[in-house]
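> If you want the building blocks of each chain, they are given just below.
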Amino acid sequence: MLAAVLVMAAIALLVGGVLGYAAVRFRVEGDPLADKIDALLPQTQCGQCGYPGCKPYAQAIAEGSADINQCPPGGEDGIRRLAELLGKEFKPLNAEHGQPKPKSVALIDEAVCIGCTLCIQACPVDAILGASKQMHTVLAAECTGCELCIAPCPVDCITMQPIAEDLANWKWKYPAVPLKDVA
Amino acid sequence: MRQLFRFHGGVHPPEHKAVSSAAPIVQARLPQRLIIPLRQHIGTSARPCVAVGDKVLKGQMIGRAEGYVSAAVHASTSGAVVAIEMRPVAHPSGLSDLCVVLEADGDDRWIERTPLDLGRMDASYVRNRLRDLGLAGLGGAVFPSFIKLNPGAPAKVSTLVINGAECEPWITCDDRLMRERAQDILTGARIMATLLHSTNILVGIEDNKPEALAALQAAARSLDVPADIVAVPTLYPGGGAKQLIQVLTGKEAPSGGRSTDIGVQCFNVGTAYALARAVQHGEPLVSRIVSVTGAVARPQNYEVLLGTPMAELLEQAGHTSEANGVIMGGPMMGFDIADTAAPVVKATNCLLVKSPRLFPPPPRAMPCIRCGACARACPARLQPQELYWFARAKNFGKAQEYHLFDCIECGCCNYVCPSHLPLVDYYRYAKSEIWAREQEKNAADLARRRHESRVSRQEREKVERAERLAAKAPVKKAQATVPPDSAEAAARKALIAETLARVQAKQAGTAPENIDTNSSS
Ligand code: SF4
Ligand code: SF4
Ligand code: SF4
Ligand code: SF4
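Heads up: the protein sequence lines correspond to chains A and B, in order.
The opening residue of the first sequence carries number 11 in my numbering; numbering runs sequentially from there.
The opening residue of the second sequence carries number 1042 in my numbering; numbering runs sequentially from there.
Hints are computed from structural coordinates only; laboratory data are not their basis.
Source: prediction; values computed, not measured.
Beta carbons: idealized from backbone N, C-alpha and C, even for Gly.
Certain hints may be false.
As the list claims (entries may be wrong) - Residues on chain B that point at chain A, a partial pick, calculated with CB under 10 angstroms: (1) R1405; (2) L1462; (3) W1476; (4) E1481; (5) D1486; (6) L1487; (7) E1493; (8) R1495.
All chains, please: the whole structure from these sequences, using the hints.
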């Protein structure tokens, strides 16, 4: 009897300890709802939603101070996913924030670039390489296409290039099958 | 007699093999210009290692393997590099890819070749050489062979399966190769078994190819290769790697797993042949056997230099007036070629010329009646009608739950569907959509990480700047307000000295005799 009580007590202590440790060790930092919303946002970090990046917009949605239809890069698919997560009605993109565009990457005309570093300071994901007074280059794989580097450039040498379809990104199309009507 | 097993489902489409299997393999004509794509295998495209204007010899490497899953690409004949540019290639999209364009000099002169001395070479060196000789699976999947020849854990691959089933209708390139070059195939198989430490070699051939069976059995006897040459029942898709392994061994690779999980590795007969050429003669992969069949005047198998424009090969096989399109591969798993300027590549096992008589347009599709015929025919034991439903509704999560990625796109479901639904088109669409989303998600995760690290770096810099300013300010103030020789300064100095002394005393606790001298000062 006593042994059983002791064993149970020991187990309770052990489990309590493990749980306590886990609570400290694996504590979720920040707001879990905002993180879940952030996970659905495209991370273009363009600010078109009216917030300085995707995370702040996610926080605003979580607090209820922003609507779910303010992110143009996410498009209708993105709104649908947010609506599903939050149990809200789908609504079309709010045109005030812009229209979705085909995905593009920035290209710096290296012959014109004066190496002023203004674009580097603007890029939210550090996708531009270059030092002061040296030519700059965009790392295409890292560029999110946010267009934030376009405006600051004093010599207008940055343009957005739509990503061309090639063998690596080509997708099978949705089959076009005219179904015979069964009346 | 070996005990055989069977796989689920399967169909018996009309074979049409006799059309091209009777005549022996002939050498295709040397084209004037060859277009050699740098991506002829699954994985990363090879990187060009020649420049426009370079003279190259047959077998010279023109594209170096890039990254791990890759294989080299070689000049298929001697001549000059006239361009390295985007050209239409054999792909369902009809898109272009980077190719080396070669002007043949007509000499077809080989580069110096050195056989691989397996006995004296380290296994990993041999595999690297095979990568540099451009070896990739010739059954159609073109996965770089050197990777599959890595045994992994010791003796993990006890059984080597050589696939000579060739189940797809119309295609006979493996059949002819087995009939005519059986010894080289078995030599290749023996080398593979050595590299993989396999104890068991099984060659599976569908029983509609008795000549090939006999040829391989005779070769096994004369070479004394301990291979079991097995006739398997003719049933499509019995040449699918998973299906053949199941028929021969009764073992099934787990869902999402590989055949090596059950100790089996599988290679096509054409790959075994190419491997024998590579090891015994140091020959890179510069040609392959291609069946040209269907609506052509001389349906036959050709040995074709890689990079030969399809149009030239078709011309050699002879046009017919009824021809109205070309499929690369067979009618079940092949795809339409948009432009026959595209070259023959390592994956090109067959060019099937269509005509309205041979391939009448399919009847109009009707809604699914849930008859279940597709599920009974599916060799992967899937529920094609459910997959169709989910893919059509773009419900990709559900499609994955129903094991969409176990679908081998064999087309059995299409074949039996009484409603003539193009089911496989929906599965391909769903698969590529899921891959694209996966990539998008990875890109978003990368952007999030890079943005977060930028934000935290900026914050850190802000704090550091503030700290630097804060650290400078009081010193300046002190210097400005307190003249160095004032009484206050002297008092401060004394205080500092006293404090220092106390600290030293504490630290020197093991040597107490110092206390007096220090404190008295
Ligand atoms: S609009 Fe731009 S910054 Fe805002 S959530 Fe969408 S991608 Fe992120
Ligand atoms: S390079 Fe320009 S467009 Fe691309 S992520 Fe940076 S700021 Fe945005
Ligand atoms: S065979 Fe065709 S009609 Fe029958 S259940 Fe499958 S998809 Fe539906
Ligand atoms: S194509 Fe896919 S779903 Fe259809 S029968 Fe073959 S494996 Fe099954």
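> Decide, hint by hint, whether the structure agrees.
Outcome of the hint check:
1. R1405: 5 angstroms, holds
2. L1462: 7 angstroms, holds
3. W1476: 8 angstroms, holds
4. E1481: 8 angstroms, holds
5. D1486: Interface hint status for B/D1486: holds (8 angstroms vs cutoff 10 angstroms).
6. L1487: Holds - the Cβ of B/L1487 comes within 10 angstroms of chain A, reaching about 7 angstroms at its closest.
7. E1493: Since chain A brings a Cβ to about 8 angstroms from B/E1493, closer than 10 angstroms, the hint holds.
8. R1495: 5 angstroms, holds
In this structure, none of the earlier numbered hints is contradicted; all agree with it.
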